[in-house]
Structures are given as C-alpha cells and as structure tokens.
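Which chain is which? The protein sequence lines are C and H, in order.
Counting from 1, one number per residue, gives the positions in the first sequence under full-length UniProt numbering.
Counting from 1, one number per residue, gives the positions in the second sequence under full-length UniProt numbering.
Worth flagging that the hints you see were computed from the coordinates, not collected in a lab.
All of these numbers come straight from a predicted model, not from anything done at the bench.
Glycine included, each C-beta is placed from N, C-alpha and C at the ideal position.
Mixed in with the good hints, there may be bad ones.
[Said to hold, decoys possible] Pair ranges (Cβ atoms, derived):
#1 575(H) to 608(C): 26 to 32 Å
#2 92(H) to 605(C): 48 to 54 Å
#3 661(H) to 74(C): 34 to 40 Å
There are 2 protein chains.
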Amino acid sequence: MTQPYIGAAIRRKEDRRFLTGTGQFVDDVKLPHMVYAAVVRSPHPHANILTIDASAAQQMDGVIAVFTYRHIEALVKPRPIPLRNRSYPGIERFLQYPLASHKVRYAGEPVAIVIAETRYLAEDALDGVVVTYDSLPAIVDAWQSMQNDVLLFEEHGTNVAYEFTSSLGDVDQAFRQADYTRKERFHCHRHTANPMETRGLVASYAPGRQELTVWGETKVPHFNRRVLADMLEMPEHRIHFIEPDVGGGFGVRGEFYPENFLIPFAAMQVGRPVKWIEDRREHLTAANHSREQVCELEIAAKRDGTLLGMRANIYGVLGGYARTHGAFIPVSTAALLTGPYRIPNYGWDVKCLLTNKVGMGTYSAPGRYESCFFRERMLDMMAADLGIDPTELRLKNLIPPSAMPYEVGRTRPEDYVITYDSGDYPALLHKALELVGYEQLRSKSGLMQDGKYHGIGTACFVKSTGTGIPYEGARVAVVGPDQVAVYLGVATLGQGHETVMAQICADGLGVPLDDVAVYHGNTDFMPYGGGTSASRVTTLGGNAVYGAAQQVREKILRISARYLDVRPGELEFVQGHVYRTGVQASEPVLTLGQVLELAGPASPHHEGEVGLEATYYFQASQECYPCGAHAVHVAVDPETGKIDILKYVIAEDVGHVINPLLLTGQAIGAAAQGVGATLLEELVYDDDGQLLSGTFVDYLLPTSQEVPDFELAILDLAPSPINPLGVKGAGEIGIVATGAALSNAVSNALGVQVRALPLSPHKVRELAARRNEA
Amino acid sequence: MTQPYIGAAIRRKEDRRFLTGTGQFVDDVKLPHMVYAAVVRSPHPHANILTIDASAAQQMDGVIAVFTYRHIEALVKPRPIPLRNRSYPGIERFLQYPLASHKVRYAGEPVAIVIAETRYLAEDALDGVVVTYDSLPAIVDAWQSMQNDVLLFEEHGTNVAYEFTSSLGDVDQAFRQADYTRKERFHCHRHTANPMETRGLVASYAPGRQELTVWGETKVPHFNRRVLADMLEMPEHRIHFIEPDVGGGFGVRGEFYPENFLIPFAAMQVGRPVKWIEDRREHLTAANHSREQVCELEIAAKRDGTLLGMRANIYGVLGGYARTHGAFIPVSTAALLTGPYRIPNYGWDVKCLLTNKVGMGTYSAPGRYESCFFRERMLDMMAADLGIDPTELRLKNLIPPSAMPYEVGRTRPEDYVITYDSGDYPALLHKALELVGYEQLRSKSGLMQDGKYHGIGTACFVKSTGTGIPYEGARVAVVGPDQVAVYLGVATLGQGHETVMAQICADGLGVPLDDVAVYHGNTDFMPYGGGTSASRVTTLGGNAVYGAAQQVREKILRISARYLDVRPGELEFVQGHVYRTGVQASEPVLTLGQVLELAGPASPHHEGEVGLEATYYFQASQECYPCGAHAVHVAVDPETGKIDILKYVIAEDVGHVINPLLLTGQAIGAAAQGVGATLLEELVYDDDGQLLSGTFVDYLLPTSQEVPDFELAILDLAPSPINPLGVKGAGEIGIVATGAALSNAVSNALGVQVRALPLSPHKVRELAARRNEA
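Chain C extracted, bound-state conformation:
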C-alpha cells in the first residue's frame, strides 16, 4: 500500500481559518440574552469564612444572581472535583469543592459567583459580596507543611496529602558498595503554562429538552462531561460539550476547575446563557500551578563513573487542595528519575504536601522536566568530582539500543511496569554533540570572552507518552464520492490534528488528502474519549484513525469484490479508486462513489454492513518512550545575570514522523517554553502566602529576544514497536531537558553548581558572585 502522505511535510489545513481571521474561539461564542460571570475570590491564603453577605451585590443594577456554597447546597448535593484517571489512596480527602464552604485555603479560591448583564457589571458587583474572614497562618513551603503545626484540613491531622515509597534492586547495598556517592538538594521553581488564550466557558441550557451545551471544554471533554453530569445530577447524554478553536493548552487548560461547574450551574439557574472568560490575573492566581518540587537526590557510582544506585526524596509542593492530578506530578518525577540511564538500584519516597498556594496541575512534561533537571545536574556534579567529561559519563551509562526493550520496573504506584520500547540514546547524544560542536567548545568552557563566561551543557532524556487512559477511538466515514470525514474523541488545542489525522486517514484508507475532513471537539462525535494530554493523541488517536481507515478500506475491497465476483486480494484501493491488483495504470474498476452506493442501506450489496464507516479503538499495551539529547552553548554576563544562548541543539527521536513540518513546530515551541520557564518564569509567593507575580509585569514570559534559534535534528532511528504507525508522541518532548541543559551550561560557564531554578537574572548574578567567592 502506498503512503503518499504519512511522513510528508504538509502544511496545516487548519491554518486557513486562523490566517484569514475566521477561527472561532470561546470568546467568539455569542448567544442571545447571554449574561456574564465573575468570581468572588478569597484575598486570604488561609482563613475561616465567617459570613457572606451578597445583598449589596444583589441590589446592584444589572446583577442577576449571586451564588455561594449555600445556594448550591440547596439545589444539588455538592461534590468535590475528583481526581482524573489515577487514584492515590487518601488524597481524595483533600479535594476542592467548586466554592469554598467554611474555609479558604489559597488566595484566589472561589467563594461566590456573580452573574450580571455585562462583564463590567459582574466585576463591579464583586465588591458587593461582603465576606468576613478569620485569617489563619499560611503555609508556603514544604518544610512548614511537614511540621503539621498549622493544618489546612484540621480534621485529617496532616498536611501530607499522599506518600509513596518504593525501590528497585538493592539500594542500600549499592550505596554500601559504591566508590563514590554524593547527596544534593535541588529545587524546581513554581511556574505554569500561559497559553495565549486564557480559559473560558459559555454554557446554555435548554429547559425544554433538558439539554446543556457548554462551549470551551477542551483537553479532556469526556472526563469533564462525566464529572459535570455527576455534579448536576443529570444524564451525560443530555450534556453537549463543544470545543471551539483553542489558543494553546500545555496541560493547564481544560482540566475540571471550579468554574467548569459554576458556569453551567449558573446558566441552568438563571435560565440564560452564561459566559466567563478568565483574565490573565485569574489565570495566574487560580488556574493550576506546576513544577514546584524539592528533590533530595543521592547517587552512587563506581570510580569509573558506572552508575550503581540512586535515592530520592521528592517533595511535591501542592497547593491548598489536591486537584485533578493529585499526586501525579511528583509521582511522575520519581517514575522517570533514572531517565535513559542504566541505574539498577533505585529507591524513592514521594511526599505530596499541602500549602496555602494555588493547586498543582500539569504543565508540559509534568515531572519529567523536573526529574531531568535533578538527575542531569547531579550527573554533571559527579562528572566533575570524578574528573570525567560529563558527556563521557553519560555515554558510559546510557542504555544501549541493544538492551531494548528495556524494563525499568514498577516505579509508579500503578499496575504496570515502565518498559522503554525502543531508542538509540547514545546516537542522539552524539548527534547533539556533533551539531553543537562540542569538541571545539570544550576548550572555551568557563572562560570569559567579551565580558561573558562561556559554558556548555548537555542533558539526555526519555519521556513516557500515551499515559493516562490507554485507548483512544476514532470514526472514519465515507460520506460522498470524494468526501471522507474523520471523527475524533480527542480534543485539539492547536497542535494540528486536523492535518496529521487527515494524513493518517488518507494513507490508511487510500484517498486523496484533500478529500479528508477531520472533526473533533464535540462529545457527541464519539462515545468515549481519553482527551488530549501526555502526548497521547497521535500515539493512541492516530493509531485509532489508522485502524478505522483500514477497516473502511477493507470493507471497500470486500464489497467491491463481492460485487465484481472476485476475491478481495484481486483488488486494490488507491487514491479513491478500486483497481485490479497490479494493473493500476489501467482504468479503475470502481470509484469510491460507486462503492458507497453499493454499501448504502437500500443496496442489496451491503450484506448487513451498511455504509462505509468504521469505529476503531486502539488499545495500547504500554507507553511509548520518545527520547533525545540537548546541548547548549551559553555566554553569561556576570554583571547583569543575562544569559545569551549562542547555540541550542536538540536531537530527538519521537518514533516514526507523520509530518516533519508540524513536528518541527512542536519541538521548537516546546523548547522555547522550556527556555522561558528556565530563565524567566516564576510564581513567587511571600511568606504570608500572597502571590507576588500575579501579572505579566512580574511573571516574565520569553520573547523573541530570549528564545534562541534552535537547531533541531529529528532522528527517525527507533520507531515504536508497539503500535502500527510506529509513532511515540511529540508534543511535550522538546521541553523536557531545557532546565537540565541550561543549568548545566550555566554551571559550566560560572564554575558553580546550580541547585535551583529559575536562572533569572538576579539569581544568575548571585551565582556569578559565588564564583568570585570561590
């Protein structure tokens, strides 16, 4: 079967509407009689609620309703926002309710919601909801949390929401027998994704048919629909989620937040459509934060650098509640802490700690960015201690391709084992070193040139993808002679699925690419859907499209053969036409339109299988493991703390490539986010639990000035052996090693050891000052 489209650098089909300004985002949804919501949020990080008096707000012109926890309670049984996918025993005691009932646990927590005729009136009315609080001391870091002096949930007697301890091999023996050990404490800073478009929802309820339509649900619409149905006590099939175009997700958008209940609930109560668009301040102070972790890491090795063992205490700094991901992020840190290296003995303890900050959720490559930073920093320290070149040390310990598939073991509290499916890790590092010019740069390491210290950093990584729900479905339907529709269960957040899935369908089915249209983002399209996270869409959804397309293709051949009275093997279906096998140069024997007629419900030829349509669920036996290496050359100005990235090389292997053009965009976009996150972004809290960087004045995003011209090498050395397309998922891959590679480079440049991120200018100046001390 020819595959003209898979692997081709095809431009994005969806860009036509974005470039012509005809995309439809959630804020473009306008409904008659629509009203607007604003959320009353706690100014206190930790306080008991004494009274809520909404009467002033309710009397304001244009205010339609104010809802508090008491109002909800009077109408439906309030339920907390549940964990998604995974369960972590005990953590469900610390879930968040859509509105605070008697206590607030972070500044920004929703206490009431105001519905008014306009956004302005709704926001003005926030002050009319008078809440009196009894303030309590705030907990802002892991150590305070663990003291349990101040408890966020008094009734549970602890701030440790979840703990998980386990090991592989014999860790103590490894450390006993080691020639070399070192122990360090690393700190990854709190930051979060900032998609260009903030979150937003429009909800409209039709009381006649008792149907609720919600626009703006993205990422995991089927999961969120089930949660909302439970909360509203209505059947799932009466709730329709429609995903408009989306301006970026990166993990933060689309989880079930308080507003995901409050807006539909309000729409049902006030009998008018309700819109809420998150503003940037709300995004920074109420949407999931991520990344904040402390890792006490200990390593054991032979004198020659051979790794023997690793021990880690990982402290995940959750916020006031366990949000949808509960313990997932620090657990993920532990799961892949050994990375692409053979480290046979590994012990770890994960603690999830409540603090009076915003709840923690995922940001691209959750736990993997962090673990890569912890491990790769440690390897560079160890290389220095042992007098080995850090890339030599890596090459010595990287799992060789001959060891694939490589079983790491059960590093998560779940029932399946981590097994790297394929990958040539040394080749990726060699490629990165070659491209960055490692040999030439080595001589410059740590030297000053034009007032800046030059340094080089490398880092290797592997990332699990397709985690979460281990299946995805798709429906492929031939609708007309030159019309094929693909229906996805997954959401799309801007990645280009309409193009990639069309390529996969066109090849799997055997039709011209232009005949294929991809539909997504409507919970009515598919009964099940695992959502868009963990780089799972192409891995699971792509293989589902491929499977469905192939089933339709087989049906086309089966029906044609029956009609022509030949064996199916005597026919082939190419570019929308049925040919006698091997005589494709000749005239087609049937067109797709003719076969569609044969398959029609009134045709005598369908034999019980009506229509040219198939739904296929691809089920993954395990995860995929894309991998790569970063190498970066920086020049650090010790006076200003500014880091110039002179060269940034990424070598990655994400399995078989569907569309190199889109992959390049994904890889570079992710790396750009990682550079920004590493150099600039930080959600800083003061000791009282107030967020100091709640606007873009203080929370700095990278601009074209900070983002380097990445040099990208996409190696297609190791297609995944565990799915038909050989793909591994690509969305988050580029970000994983950015913190690690940059911190190694800066350490190398300044001759100091970076132990904490971010590498913001004032912190780099402090590091540079320590160099002078040394």
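Model the placement of chain H on the given structure of chain C, informed by the hints.
Here is chain H on its own, set in the frame of chain C:
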C-alpha cells in the same frame, strides 16, 4: 422476553416541554447579528420577466443584499430542485429553480430575495425590487392544459409533464362481458395542509470551519442536505441540519422548496445568520398545494354486484412546475384505486398536467384520499343502480382475510408489486356498521327531520405505508447505568416519536422506560435517513430501533456470559439487570452499569466490540397496508348547506399497536383534517390564475364546531407479517376515507350524486337544489 411498554397507553414524554412552554421552534432560534429574509414573488401567474431592478431596495436603510437568479448564477451553477425518491422519465424537464430566471409560471413564484436587518425592513424593501413582466395567458385547469395552445415551457412543446398507462387483467373483455357498466367524472378539489406552525429556516455559516448549520429542516433532512450540498457545491458533512420542535407537517412541510436553498445561500453570502419564517399568505400561495385531480372512472360488474373491472383516466393538475414529488400523487391515486376490493381487471391512464398554479406536493395520504373518494362514490352509485344496499355491495367485493397476502399487481411505474400484507376488511366494515347503528339508520336515509335531510355513508380503504426509501436506521447506545440514548435518522413533526421509540427501545433492550431518551432531528446523528413521510417512521424506524435495541441486549448477554463464564442462554436481561435465567426473583448477577464497564474501551472484556451501542438498519421487503372503514351519519340543511355530523365512526387496523393513546390522537387528528378538507377547505383560482383563497378569511379551516366527536375502534386483528413489530404505520390512516364517507352520506341524504368536492355550504345548497329539481 417481557414487553411491559409496547402496547401500553403511555403519555407523551415530549409533552412536558410543550405544556411548560419550553419547546423550541425554529422561530425561537435567535442568533447574534441575525438578519431576515423576505421573498419577492411574482404577482403574475404566467409572464416573461423583462427586467429586474433592485437598486431602490439596495439603497434602503437596513437592506443588506438582494439576490436574483443572475446573482446566484455568478456564484454557483444554478440547479433545479430535483425529484425526491422516484423518477418519472421526462418530468425532470419541468423542475423549478430556486429563483425564476426569465419566466414565471405561477403567482407567488420567487423572483428575488431581500436580506435586511429586520423582518419589517425586508418586507418593506420588496417594493424596491422593480420587476417588469410581459404577461401571458394563464392555464388553470386540466382541459386548458391538455390543449397545449398556451405552453408553460415552450421549448418542450407540451403541458403534459408525464403520462403513465397500464393495466392488469383483460379490462376490455371484463367490460364486454359485464352485465353492468357506468362511467363518471369525479373532481377532487385543490387544498393543502396548514400546520399550525408555518415553515421557517435559520441558516448560519461559519467561514472558518466552512460549516453551514440550518435550523428548521424537517421531514426529509438527509435528502434535503444532499440537495443543498449539490446546489452549494460543498461536502455534505460540512452541512448540519438541526430540527427544532415542529408544529405539524402533514406532507407540506419539509420538502425542498426554493427557500431551502435561498436562505443558506444568503447566509453564506452576507456572512450573517439569516432567518425566514413563512407567513400564512406565503404558505397558501407558495408552499405545495395538493389533491386537485379529475378522474374519469368506469366500472363493470355482474348483475349481482360482483365487480369485474375498472377503467380510469386520472388527470393530476400540477402547478407551474413539477416539484419534488413530480407525478407521485396522481400515480398513487391510480395505484390504490381498486382499494380493498377484488377487481381483477383494471386499466388506467395517468396524466400530469402543468397549469399556472402553485406546484403540487403531498398532503396526508396523497392520492389515497382522492382514490377512495372516486371509488367509493362509484360503488354507491352502482349500488343504487343495481338496487343493492351499498354495504352489501362492499361486503360482497371486499378481499377476504383468507386471500391474504393478496397481490394486487404492478399498479405503479416502479419495480415492485403491490401486495396487501394482511387485513380483515369485512370485519372492519362490520365493526363500523355496528358502531354507527347502520341497521337503525337505514330507515332514516334521505328523510327530513327538523328541516334537515338525514343520510348515512360508508367507505372502506386500504393504504400503503412505508413507501419511499425502503429502509431506516437507528442507533441505540447505553450511556450510563440508567441512561440509554436512541438516535433516529428520521425527523419528527409532532407525532410523539420520543415516546413511541422509547417504548420500543425499552422493550427491545429490556430497561425501564424512564431510562430511555430519544434524540432526533440532527443529520449528524445518523449517516442515512429516509425521512418522515408515508407513515413510515414506526414501520421502518420503529423496527430499526427494535433491531438495534435487541443487538445491544444480545451484546449485554454475550459480555455478561463471557465475564461470568456461562452460556448466554443461561442469562436474561430484564429492566436493566442481568439475571440467571428463570431466577429473576433472586438478586441480579450484574447491573447495566457493571456491564457497561465491562464493555468499556479500556476493559479486557469487550473483545473488540467497544461500548454498548448498536446501529441497525431495518430493510423492508415491501410496503404495509393498514386498512379500515368509516361510517358517518349526517343531517344536511338544504337552506344553509350546512352539514351536521351526528355520528362519525372509524374502525381501523394499523397492525400491532405500540401506544393506543398516541394512535387515538393520530387517528382522530387525521380524520378531523379530512372532515375540514372535505367540508370547507379549497384553494380557489379565478380564470386568470389568481388565487382567491389566499388567507384564512377565504380558506376555511375546521374548528371545534365542525369537527365531530369521532368514535374510534382500533382493531388489532392483522399485525403485519413482514416486520418484527407487526406494525403498519398509522399517521395518515384516519384521513383516507373522510371525503368518501362524507360524500356518500350527503348523497344519501339529498338523494343526489356528489361528483365533486368540497362539500362547502354553497355547493351543498346547489346539490340540495338539484334534489328539488329531480
């Protein structure tokens, strides 16, 4: 398998929203920036268009656009509105285009469309579109049309749009050998359905995704979508039809009319949603007319009343164009003219004649109301001639149940033969006679009492149902532990499908009725759909739901048996629970929710069949034939022409009854329409081709004063043997014999022969006057 719901008199689920005023009809669809359409219509019944100058309209405040044929032509290839389902060779030359190009052929024909900010502005601007015409002579009846002096389509040289001649048996010999023959000319009057809600459309185009959504498409949405897709030259899957609640169809609503192209086209062109709601004048002057036919009928019989043969010339008086049904209505008259009687020799000729009137389409029981009137009148005349009681004559000739299935023969220009599936015709007539008290009333026939002549009339009928597309599909999906969704391909026009289909699903699947929700009216729900006409929904769609529900039920048992490691036969599924067969009193072994989990895409138990969902297409081998008899006792005031209906009895057998409550409503509603149509309604044209009864002042609808208390006997003697539910379709059955029974009763009362409908007061006075003459 227990069937607690099929056959039960369950109240309509949909009435909750209608009774609480929360139904959503097309005029309730309001979109931001919506604009409004009004149609410029020809005031001339027949004219050449000389010029169209829209400049004055275009300059009016609030007018957004004016479109004429020339504008359409510049953007897409204009295509005529095609025939639906059937083809009649040659008639396609006379199809209508959405706008007139150079000639108008009926008063009311669309010439241009105006789009403006409000409905008022749009209507005001109609006068600003200046059209100059060169008027031509108008043709208003069958005889003028056949002369071909004036031609509607000069280029085709004839006004006979289609002709079909055929026979069964040896007609000439039958007439030669007959003891008795008679020839009559009957005339059925032009009238049409007037649903409470007029037609209406809202169209909205999203240029980004290139998707068009149209609200208000009913009856045959899948067919109409294909037509619209062809006309707009866009893929079908990019067009979404959404059917809101609908205030009645009766055949007239939902066919593809000019506006069904013009409104979506305009929405795409102006870039804003466009609404058009038909007003009553437009409905009467532009929506399909129906019924107008002349029938020259000749009958041959033995002296004892045994029917030997029948000859008919049927003249269908079409309008200026062949609309979607082309020749269907007069062809249907011919097809069932012999009715429930054994008439072995039958010859017929059908002519479809163009006239300068509104195009002809279907109205409930199209052609059957007419043929029943023609035949049953003739039988009463013959009974009088032969001195036989008319009910005796009928009983002598009715096909006995022992002759079932009874092959009538190929009475249509189609490839399948009419075969009555089942029915006890004599029992139905006996039942009607018994209920009306025929024996007692006979003595009163023709006598005056209190200034009114009393008469009794009877009529027997059979009606084909499930014609048209001989399949229908449905999808049944278990969505939650107590949530089952049924998706229909058919539209619903107020009949109660949400209740009936839920009953069928609940029994076919084995769940409580309240757990079932029925979805319909969205072309995205099902890829195919034959629409709602010809009383086909329960016959075809109901059996599709039943089949799909049974498939889901079998799957539930299959998965449960696999999981429990027993044979499927050892389990039964009752009211949402799996039990060991025969021990239903005991605890269920599995709940539906548990089985749903087992079938989930991540479950190891689904074995390739994910979800509890099935799509099933029921294919009919032939049509069904519900049947019945009407008997009516009238008192006619010769002075006023008013007819008092003292008793109206309907005995009908529509096969197995799903819901007697809804069937009663359908039967009585249809009969009420038939009474109104027979006594009051007429679309009267003057000799110049102008409609004189274009408002409800002149076109009279029945009120509670005219509609009698019907006495209804639903006999369930003859379930259809050709589908699993044994149903036959019921919607149109009640109307068939109304014209026949009432005209026989009036003839009987006045001692004259009614040869033409309607029996409006002034016509009854004329008839009464003839009595005095005689």
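Hints and how they fare:
1. 575(H) to 608(C): 26 to 32 Å: Holds, at about 29 Å.
2. 92(H) to 605(C): 48 to 54 Å: violated (27 Å)
3. 661(H) to 74(C): 34 to 40 Å: The hint (34 to 40 Å, Cβ to Cβ) holds, given that residue 661(H) and residue 74(C) are roughly 37 Å apart.
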